[in-house]
Amino acid sequence: MSDAISVTGLFKSFGRTKALDGLDLHVKTGEVHGFLGPNGAGKSTTIRILLGLLRADGGTASLLGGDPWRDATTLHRRLAYVPGDVNLWPTLTGGEVIDLLGRLRGGLDPKRRAELLDRFDLDPRKKGRSYSKGNRQKVALVAALASDVELLVLDEPTSGLDPLMEEVFRDCVAEERRGGRTVLLSSHILAEVEALCDRVSIIRGGRTVETGTLAELRHLTRTSVSAELAGPVDGVAAMPGVYDLVADGNRLTCEVDTARLDELLRRLTTVGVRSLTSQPPTLEQLFLRHYEADRPAVSA
Amino acid sequence: MTAVAAPAPVARGTGLVGTGALVRLALRRDRVMLPVWLGVQFLLAAGSASSVKGLYATDASREAFAATAGNNPATVAMYGPSTDLATLGGLATWKLGVYGAALLALMSIFTLVRHTRGDEEPGRLELVCAGVVGRYAALTAGVIVALAANLVAVPVVGVGLMSGGIAASGAFAFGFAVAAAGFVFTGIAAVTAQLTEASRAANGMAAATLAAAYLLRAVGDTTHQVSFLSWISPLGWTLQVRAFAAHPHFWVLGLALVATAVLLTTGYALSGHRDIGAGLVPPRPGPAVGGPLLRSPLALAWRLSRGLLLGWAVAFVAVSAALGSVAAGIADFASTAQVRDMITKLGGEQNLVDAYLSFAMSAAGILAAVYATQTVLRLRTEETSLRAEPLLATRVGRIRWAASHLAVAAVGVVGLLALGGVVAGLAHGLRTHDVGGQVPRLLAAGLVQAPAALLVAAIAMFLIGVLPRLSTAAWAVLGAFLLLGEFGGLFKLNQRVLDVSPFTHTPRLPGADVTATPIVALLLVAVVLTAAGLIGLRRRDIG
Ligand SMILES: Nc1ncnc2c1ncn2[C@@H]1O[C@H](COP(=O)(O)OP(=O)(O)OP(=O)(O)O)[C@@H](O)[C@H]1O
Ligand SMILES: [Mg+2]
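Those protein sequences? They're chains L and C, same order as listed.
Letter 222 of the first sequence, counting from 1, is numbered 222 in the working numbering, and no numbers are missing.
Letter 231 of the second sequence, counting from 1, is numbered 231 in the working numbering, and no numbers are missing.
The set of hints was computed from the structure by calculation and includes no laboratory data.
From a predicted model like this one, the values you see are computed outputs, not experimental measurements.
Where hints are given, some of them may not hold.
Said to hold, decoys possible - Just the calculated beta-carbon pair ranges, DEER-fashion:
1. L:15 x C:292: 41 to 47 Å
2. C:28 x L:237: 57 to 63 Å
3. L:11 x C:527: 54 to 60 Å
4. C:135 x L:71: 48 to 54 Å
5. C:500 x L:66: 41 to 47 Å
6. L:114 x C:400: 28 to 34 Å
7. L:106 x C:310: 28 to 34 Å
Note that the Cβ used here is the ideal one computed from N, Cα and C, for glycine as well.
Starting from the given sequences, assemble the full structure and let the hints guide the process.
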């Protein structure tokens, strides 16, 4: 499969702030790709570069086979964008905004528009400023989802949506994927990422720190193990990849690099295992580890 | 100010809690702008006084000036009654009265709206109001800062005039007279800030009131039958104080204070009756689908700007009808035989009427430039409010997006000026029984203003493309052009400096000869600046 988005070594600074510092991002055609990172990591900046709104200082970026800066207008026919901060024109109604953006993108399907309005429970007759935050977000979502495009670029599209609407959004993205569309989804909502994304990229400080499927990422992190053994065991503390070991007589709890779980279990079975629980890392733990990796409190 | 800034021992229920903190915040945010406004006042006062002292040192020279310019209805319409021109102070402040008052009025409007509606619109005030801040605190803070700035203007203007050799009593009386206009417009802005949801509209309504005030006194000062018009204009009051007369009319200041109090009370009452963020006019539901024409950036630009343009069109019709209909009677203004003699020497009544009409048309040209600047700067507002982003993420390119707003601005400028010319021509033509002759004459006089206004729009576009963070400096540039035109001659500035203003090059129609050179040159510069702005826009980051 070819890449819908391919970014290598992207640099961008705003004055003295380094927003992107050699970022890599590869999104395969037809996948839903999660784009994660702490606040200020550079997600929106990357997306703006991909949309040709910002010009990169260095590195290469290609979008749907074209150059996002040079071929901006031709590429934009093939994608739809939902910004994180949706501001609507105060004098235009939601319905007018949906139609305008859809037409400027090259037309939208009226049947799909009506269906989406219904599913998102959105009143299209209100004027821009009378919408609540969540409803403004819905206007942008309906405008994007009602267009027939190859790529959806969504920057925190569900910020402000209630749980019911969040569910509708997930259904819609799942349908889009079944329809063969590519989705780049920047999000802070881990459950959403887990439910929707085929692969994720985690960035921090303008750099990609991890990329892969969730299963692969889990594999790269630690599993908690707690066991009751037939007798005392030694040498576990010295094993590579074992952390936070607490041995209390026959009981043992520790964290182990998931890749080394096998070795640990082999060692434990030499003494005899009475009971064993092993817990894969939760998504939260997984991300927090990446998000906070350079904070001293966590590395301790 | 410190008395206000100290934590007020008021109960929470009073709605004023936190005013002190907001005043300090406002002063911090205005620490550059307010000194600039006041600095301009000082320069104009000091410059006018010292140059008049040099030019018209003797009583005889001043009386000669009063006999000519003081009897010319066009100049009286521009600057106000010429009653005290024989005094040094009266002559020095003839132009300064209207312009100083108008500048303070603008300062007051922008300051008040910025700290009330301007904060409320983007939801910033919600952040503040959710803290320990009463519901009237923001309005009160804005009023305090605006009124205080006007009070500071009194000594600034007074000392400025004194530095040019004007006696202290008159200088300070004049300072109070201009500050009175600032007070009244603080009150007017306190009302308009409650009426709409957009700070832009609040500024616009208050500024339109200022333009109306100018116009009312221009007509009232030049037409005896309706001289009461000068008395319903806050700008008229500044002039009616007659700071340099033997017995100044200080009671007029009381009129201004009463008006300010009434307006502020109205503002507070309105503000108490609405929700934070809302206007008084509740929004109504609109169409559920976009109309068939709403399919291009041009259609959007038109949709966003048409309200503004319509408002301006109404203003243009009113101004042109008023000025056009009084023009024919303007010659009565100069009633003594001696003056009539002088008029004949100057080329007869026709010249006087033409000069008046040409003043009216150049005022229209300036208003058209204001409209154009507003419309072009919308590009930047669209960008910073992130509304341009989803638009530019469609197949709309940046140039097409910018060109749409430029087109609305350019068509609006030409349309407004044509409208103004035709209406003035009709009004004047009906009185002189020469509709067929006057309409084309004044249409031409209106249209000839367009190149300068378009050039101002082009400067705004240039700034947006090349120096986006300084886009609003377009207003400062326009202001500088106007001040150059009004005060440049008085300050004996070099002709090269005067030539910087595009308005210097606009032919004075009707009456003068038209040559193509300045018009073509202005348009050429406008095109070059626009192109540079568009190229800059294409190369830079959006946001
Ligand atoms: N126009 C700008 N001018 C100056 N600095 C900017 C600008 N845009 C972004 N930055 C800076 O670049 C960095 C990356 O910002 P970005 O908006 O891309 O973060 P993000 O990952 O989208 O964060 P969030 O999760 O909060 O949306 C931040 O440090 C931000 O302050
Ligand atoms: Mg972001």
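Could you work out which of the previously given hints the structure breaks and list their numbers from low to high? 3
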